[in-house]
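Student: Now for the letters of each chain:
2 protein chains.
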Amino acid sequence: MSRITLAHGNGGRFMRELVRDVFARRFGGSVIDDAVGLPPADGIVVVTADGFIVDPLEFPGGDIGSLAVHGTVNDLAVSGAVPRWMTLSFIIEEGFKIDRLDRIAASIARAAADCGVTIVAGDTKVVPNGQGGGLYIAASGIGMRPVDVALGMKAITVGDCLLVNGPVGDHGTAVLLARQAFGLRGDLRSDSASVLPFARAAVAIPGLRFMRDPTRGGIATVANEISQETGFRVLLDERTLPIREPVRGICDMLGYDPLYLACEGRVVAVVDPARAADLLVVWRGLPNGEGAAIIGRVEAGRPRVVLRTVLGGERLLDELEDDPLPRIC
Amino acid sequence: MSRITLAHGNGGRFMRELVRDVFARRFGGSVIDDAVGLPPADGIVVVTADGFIVDPLEFPGGDIGSLAVHGTVNDLAVSGAVPRWMTLSFIIEEGFKIDRLDRIAASIARAAADCGVTIVAGDTKVVPNGQGGGLYIAASGIGMRPVDVALGMKAITVGDCLLVNGPVGDHGTAVLLARQAFGLRGDLRSDSASVLPFARAAVAIPGLRFMRDPTRGGIATVANEISQETGFRVLLDERTLPIREPVRGICDMLGYDPLYLACEGRVVAVVDPARAADLLVVWRGLPNGEGAAIIGRVEAGRPRVVLRTVLGGERLLDELEDDPLPRIC
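First to last, the protein sequences are chains A and B. Using this note's numbering, you'd call the opening residue of the first sequence number 337 and step up by one each time. Using this note's numbering, you'd call the opening residue of the second sequence number 337 and step up by one each time.
Rather than coming from a laboratory, the hints here were simulated on the basis of the structure. Using N, Cα and C, we set each Cβ at its ideal position, and we do this for glycine too. The reader is advised that the hints may include incorrect statements.
Said to hold, decoys possible - To spell it out: a stretch of chain A is covered by chain B in this simulated footprint if at least three of its residues, at any positions, have a beta carbon under 8 angstroms from a beta carbon of chain B; those stretches are: (1) 339 to 347; (2) 353 to 364; (3) 450 to 458; (4) 616 to 624.
Said to hold, decoys possible - Simulated coverage check for chain B against chain A, where a stretch passes if three residues somewhere in it have a Cβ under 8 angstroms from a Cβ of chain A: (5) 378 to 384; (6) 415 to 424; (7) 602 to 614.
What the hints assert, rightly or not - From chain A, some residues computed to sit far from chain B (all C-beta separations above 12 angstroms): (8) 443; (9) 573; (10) 581; (11) 582; (12) 651.
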């Protein structure tokens, strides 16, 4: 049998064989159990949940499987936790090719191993043809946070600097291009990656206030969340905000603003201005960190996000309303 | 706005308002965070994952929301853990009515409160019209298991008794009827419920080997799993196996076997025969436990599942192959 049938979701023999031949083979045996005990670990247990519906399922630089791992790992990492375990729920559309599912499972296993996380539990459901988008994955992540790490927006104050660990908008643009809906092609790749090395380095810097990964809604959305939550104005500086030339060009052509496009391997850190240069140096020294930059600061004033443009003007970066970009992550 | 739009999934204002007005209002504020730290707790952390795709989303005796809570709680409970926390990922189809989503969120909140679990993290994705089945929910559950509780199929031995805490097949039959695809109606309700009181009572009985909730594939599938895993023959006794009359009647009419139909509020326990009567008495004394029964035993012999019929014959209960019943849970 080369395609998923409804019988692969019925709890019986076909499901057992699918779990054994694909998921248990790729992730290890324990994933077939309904409930799994975790080994003891020090610190505070941190939990996260994320759904993945990206279209197309495979794109330059990643696929829905590696994206699910990176997205989950990154949510934990930016909270100051060390990602340890994941659970995965697969919602598969009838007719999906089993070798494609296996390729995605292999990608999950590779990404999880790279990030040091173990897939500990899983579930498989099959929906009838026409009631799914091929494959959706819902993940939860569990990590351990040292008791002395306490990050949060409450610690942010006027003068704090914002940093990002690399160019923004690559993932959103790469997925858009992969849809080929615009007749465009490019060699742009998604930035999908673990930000754990960057998060670990940032946690080691005294004066780190807060981190977040700018996924859906991009860097402008993270800046808006910070502004709304703290009540301060956030100023972003277009002169230092790293955007790759092809991303800028494609966005100009299609009418997208890269500041609102999803990143999947980026982290924004808010840090004491006296420590911003230290963090920048550390980040730039990490693999794939050469594009890190100080991109803005927290200021007194009405809670809003303002971009200081290259020409010295100011542009309001409003909270995202329309411009949905469905199935971008 | 009365229906879900793609903008409700873009990370911006509409999504924030949906999370605030529906999920955070129903589940409490912490669900809006990306990663949540859990309070310290004694024991072994136990984790489970489950997806829910039931059609119709609302049915007599429950809905996809209460089902997601009960399914998750039950996976933890039968492992001997006390369910404590849940995460929820919503995959919503564009056009879904927001008041219906809110009704389901309210049902989740009620069920979670009844079961003593807290929704600690969540995620919302929106898929374009025609790429989803209205609403899919993926849940993960986290519970704490006392260090001295160790259940597992490895402990099962010849002579052990199988018990169930009530009639089987109600959920599957009720959902089938709710589809009205057969022009049938009945007053049958899903058995969707927490089995935690039954699991707690069973854990207190010395000689308890193993528990499992007979969801997809029903009681025959649990019996097959036990048989395959232990290498023993499992005998089920039709004379004591509790099946409600309307379930039997509808299944006869439609050609389904209630032993393969999903239950969502049932637990199968395997226990030392010397303690089976004790457990039966305890279970029958619990609310909704009056239908509990000793339904079979583990025997030496080829690993297979045999039903001893009312007339004294034997019928092989094979592993489920076809008969998919899509979107039953």
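Student: Report the numbers of all earlier hints that the structure fails to satisfy, in ascending order.
Tutor: 2, 4, 7
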